[in-house]
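Asker: Keeping the supplied structure of chain A fixed, place chain B upon it in accordance with the hints.
Here is what each chain is made of, one letter per residue.
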Amino acid sequence: MSSNEEQSLIRGAQDGDREALERLWDLLTPKLFGYLINTLRDRALAEDILQATWLKAINALPQFEARAAGIGAWLFAIARNECRAHWRKSGRETPLDPALHDKPDNQEAKSDESILAEQILALLAEDDREILRLRYIADLPFKNIAEVLNINSITVRVRASRALARARAAYISKKQ
Amino acid sequence: MNQKTINDLFADWGREERLLPARNEEIKNKVLTAIKNVPPKAPRAARSMPWTSLVFAGLAVIAFFFTSTNIPEFITSYKGTPVAGPTTTQSEKNIGGEGVSAPSMPTQMSEDAARNYYPPSYPTPIPPVADTREFLKMNYNAAIRTRNVAELTGRVQTTVRGFDGRVDAVNSSPKSAYVSFVIPASKFDAFKKEIESFANYRFIATDVSTENLLPQKQAIEKQRTQIQKSLDGLKTERQQLITAHNQAVLKIQSRLSDIAYELATLQAEPTQDPIQQAQIAALIQDLFSEQSTQNLRLANENSAYAKQKSSLDTQIKNYESSLAYTDTQDQNLLDTVATVRGTITLSWISVWEVVGLYLPEHWLAYLLVSVALVTYVAHRVRARFALR
Chain A
1 MSSNEEQSLI RGAQDGDREA LERLWDLLTP KLFGYLINTL RDRALAEDIL QATWLKAINA
61 LPQFEARAAG IGAWLFAIAR NECRAHWRKS GRETPLDPAL HDKPDNQEAK SDESILAEQI
121 LALLAEDDRE ILRLRYIADL PFKNIAEVLN INSITVRVRA SRALARARAA YISKKQ
Chain B
177 MNQKTINDLF ADWGREERLL PARNEEIKNK VLTAIKNVPP KAPRAARSMP WTSLVFAGLA
237 VIAFFFTSTN IPEFITSYKG TPVAGPTTTQ SEKNIGGEGV SAPSMPTQMS EDAARNYYPP
297 SYPTPIPPVA DTREFLKMNY NAAIRTRNVA ELTGRVQTTV RGFDGRVDAV NSSPKSAYVS
357 FVIPASKFDA FKKEIESFAN YRFIATDVST ENLLPQKQAI EKQRTQIQKS LDGLKTERQQ
417 LITAHNQAVL KIQSRLSDIA YELATLQAEP TQDPIQQAQI AALIQDLFSE QSTQNLRLAN
477 ENSAYAKQKS SLDTQIKNYE SSLAYTDTQD QNLLDTVATV RGTITLSWIS VWEVVGLYLP
537 EHWLAYLLVS VALVTYVAHR VRARFALR
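Top line first, the protein sequences correspond to chains A and B. By my numbering, the letter at position 91 of the first sequence is numbered 91, and the numbering carries on one by one without gaps. For any residue, its number in my numbering is found by taking its place in the second sequence, counting from 1, and adding 176.
Take these hints with a grain of salt, some might be off.
Computed cross-link-like contacts, DSBU-like style, restricted to lysine-lysine with a CA-CA straight-line distance of at most 35 Å [what the hints assert, rightly or not]: (1) K56(A) to K206(B); (2) K110(A) to K175(A); (3) K204(B) to K89(A); (4) K427(B) to K493(B).
Just so you know, the hints here were simulated from the structure itself, not pulled from any lab data. In this text the structure is predicted, and so the values were computed from the model without any measurement.
Just chain A, with the same shape it has in the complex:
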């Protein structure tokens, strides 16, 4: 989605245009839900969080002004906050470790490469996984990831590079 198209859809949604909002839903929900599934490892919970995220975004939409970051970064930041709120309520401070917990459904539908990627991710720290989720599932550019994580974009680039390097090293050590 181009920046102009995004701006147009946002303005439409802010004016109450249902079609504009539906278009935004169609564009952003797959990435958002995929991110939530990968973070929470619980489909039902991911759906609840997804709904809560969108409803919060709708309520705050009139005040939204996209400047440096787009609506995608904004949604993902809300989603992250919802996840943290859920973990606090449930007495956890960190997400589930995929190496220790059940994998979500449709594992059998995944390609070998996806399974390999997930195995590699399981060997990484949560911070690395978060960066990789935002980069590859959410498909956010570095500056938007910086807004979501509240750090500067140079730090994001460095962390992403190191995460990939560690992923590669983890893969090699796993093979050995």
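Answerer: Same frame as chain A, but now just chain B:
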């Protein structure tokens, strides 16, 4: 597996992870329905200007220029009489105050200048470096800010007298005072230390200037030498005149004696011969004539001698006066070197000015700039795109 391959792996993985929820339509309808309840977006307000920051920044600029152009002189230093010749000035300026104006110097300065007059030498020669003598004339000026002018004025005078000095002039008022003095050069360092102990260094500014009067000393010495030489020449000439005169007079008088003797002899000649008598008369006549001539010569000689001697005596007297005057100049120079002339001005300082002395320059401008920066940062934080 290289970096690019792992990037592709995760890219593919990311694409595969994107999916819609099972209850997609249900959740979507809920969300789309919720948009009806949300009030429309208010017209976007113009981005607010950081007016507070701009105001403080403007005030800072005004304060900066105001404090930059409104600093009056803290001290006006008295350098003494400008004298031709090389000057070695050792100026110690310890300016701690600002925003102070010293009282203006009285006309006493012009009288002091007259007292310190030395004949200039034209053109101004630079003494050769081989002459390493120093005849340092020192001037000292200090300006003190104080909350109690009268008391400090009294202390200054007492201090001057305590160091065997002399107070030459005092002008005093509740807000300002001026003391002019001299003290022996040998006691100057101790005196200076004492004066500087009267106030914190921020409240006192001192200026010491020294000047080597060697050119003047050399001029005086040269002048004296020339006068002495001329005087000696005149005295020699006088002596020669006296000697020559005496010799001349002796010679004339000797001839006059001879003539008188010859006259006496001829007049006493016992002869009845008319021819001899005529010859004797002629000789006598010649002798009388010569006698007159010699007397005239003697008179002329005495007259000329008197004139010349008088002239020489007058010149000798003049040169002796000049010599005495040169000796006086020399002594004056030595007295000046042995004495330090000084002035101390005192002026009253307000509490606000005291605070100003302790604060850095442009402190108000710095404070306003800091406030402007803080308010600007606060404005930016408030106006920042909120993700939370």
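Asker: None of the hints should be skipped; say for each whether it holds.
Answerer: Hints and how they fare:
For the proposed pair K56(A) and K206(B), the alpha carbon gap of about 12 Å is at most 35 Å, so the pair holds. In summary, the hint linking K110(A) to K175(A) is supported, as the alpha carbons are separated by about 21 Å, within the 35 Å threshold. Of the pairs offered as hints, the one joining K204(B) and K89(A) holds, with about 26 Å between alpha carbons and a cut-off of 35 Å not exceeded. Annotation: proposed proximity of K427(B) to K493(B) holds, straight-line Cα distance about 31 Å (limit 35 Å).
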